[in-house]
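Peer 1: Sequence:
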Amino acid sequence: MGSKDWSKKKNQQEEFYPDNNSTNIEDTMKTLGINEQIKDDIISCLPDDILSRIISFLPFDSAIRTSLLSTRWENLWKKAFLARDGTIEDVVHVVTSFLNVFHQLRKSDKNWEFQFSYGEGHIVSVAVDPNNNTLHLDFSSGKPEFPTEFGIAFSLDHKIRTHEPFPYTFKAKSLHLTSLGKLSCVAASDIALNCPFLASVTITKCNGLEIVDFALHCSSLRSLSVLDCPQLKKLFIGGDSFLWSFRFRGLLPCFNRFVFNLVIAHDAMLDFRQGPGDIDIKTFDFTIFRSIEYVKSLTICRWFFETVICRKLQISGENLLFGSLTDLWWIEYSEARYNSDALISFLKFCPRLERLYVTIDPSSYGVSGRYWYPEKVPWTLSRKNLKVVKLEGLANEEEEILVAMKLKELFSVEPLIIAKSSRTCLRRLVKVPNKKMKKKKEGKLPYKFKQGVENLHEVCPNHVHMDL
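The sequence shown begins at 1 in our numbering and counts up by one.
For the record, the hints were derived by calculation from the structure and aren't laboratory data.
Computed cross-link-like contacts, DSS-like style, restricted to lysine-lysine with a CA-CA straight-line distance of at most 30 angstroms:
1) Lys-384 to Lys-448
2) Lys-205 to Lys-173
3) Lys-171 to Lys-110
4) Lys-384 to Lys-420
5) Lys-348 to Lys-450
6) Lys-79 to Lys-143
7) Lys-312 to Lys-234
8) Lys-233 to Lys-296
All chains, please: the whole structure from these sequences, using the hints.
Peer 2: Rendered as structure tokens:
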């Protein structure tokens with residue numbers, strides 16, 4: 001075969017077998033009309049199950065980043081994570097990986113949440129809100145963990161770290177934990193440990209949770225909420241700390257290791273309407289008492305004031321004063337006939353109160369008998385700041401008017417007083433004109449309630465704790 005024939009044959013081979021020559025690959029693609037984007041994304045044509053299988057072999061952060069490849073890939077990593085047979089240790093790694101690459105994902109709000117399976121049908125729902133730097137971990141999806149008693153400890157000492165901090169690009173400042181179990185609480189504690197900018201922790205709906213222990217040495221934590229954990233018995237807070245907000249709803253827990261120098265500056269929610277549980281009230285030492293004296297917003301139950309605070313004041317001879325309090329939500333228990341003595345006694349120590357919310361809750365724990373109320377008032381200025389009162393759940397209009405009259409007498413002002421019962425809409429208190437009063441029989445009350453309240457949310461917004 002001559003040299004010309006050999007060259008001709010070689011050219012024919014290169015034409016029909018372009019893989020033998022990289023230059024001819026490009027030429028062939030151009031000839032066939034295949035553009036660069038299609039060439040690079042051929043793998044996207046594979047079925048979802050195969051792509052999910054491929055993603056399952058990738059490291060967590062790489063798997064999450066596949067959502068950036070194209071619209072076709074956007075949600076495949078979520079399907080892979082939900083189908084994955086992971087472990088509770090993997091939960092920590094997948095959450096930290098997610099936080100570390102979130103700056104690349106936040107362009108699409110579809111990437112702000114996902115679910116991860118950590119074995120035996122257990123699932124954690126992970127979500128972030130970049131608008132307020134909040135991380136949500138919800139373990140209520142999937143099969144619940146075996147119900148058993150457990151405790152959780154948060155060591156938020158950022159001078160002593162047991163793990164190397166992850167270089168998160170998403171700086172979580174708020175952590176919401178829902179439906180923790182004995183297994184998942186360890187992962188939640190590890191994740192919190194590696195969030196050095198954490199300023200708020202909320203724990204909700206954790207069946208079996210008996211003990212919550214916070215060590216706050218040198219911590220940036222400013223808000224702590226524990227809500228609706230029916231088996232919780234002990235709540236410990238240790239270390240020097242300043243909290244902006246403390247919120248609790250549930251059975252009265254033991255506070256024995258509550259630090260004496262803790263200051264709660266803005267709002268305290270002490271919603272113990274479910275009662276004392278197994279605690280002996282006679283020996284209960286309410287060490288958080290002095291921590292809440294400077295709050296501006298407070299929620300408190302009547303029974304707790306009568307049986308705990310009043311007893312403590314009577315024994316110690318101390319004074320009671322809420323000199324900064326402007327918003328009070330007072331939760332009452334039901335009686336055959338309402339007695340406002342406890343409320344009026346408490347209000348004497350709230351000289352700057354502006355908004356009062358009184359709720360009669362038939363399901364609230366109640367006590368019977370007569371109680372000692374403090375009378376020594378360490379404040380001589382008159383109470384003239386009360387602007388609005390909202391009464392809810394009183395039995396009838398007569399009781400509502402009697403309470404309103406006592407409040408007007410105590411505060412020496414004419415606040416807007418609103419009432420609501422189960423049978424009627426919102427009503428406002430108005431004074432009966434003198435001419436009409438003269439025609440009425442002796443003993444009639446000088447006030448009545450009139451239906452309709454304009455601009456309710458402006459004049460009487462809900463108490464800060466009512467929407468939790």
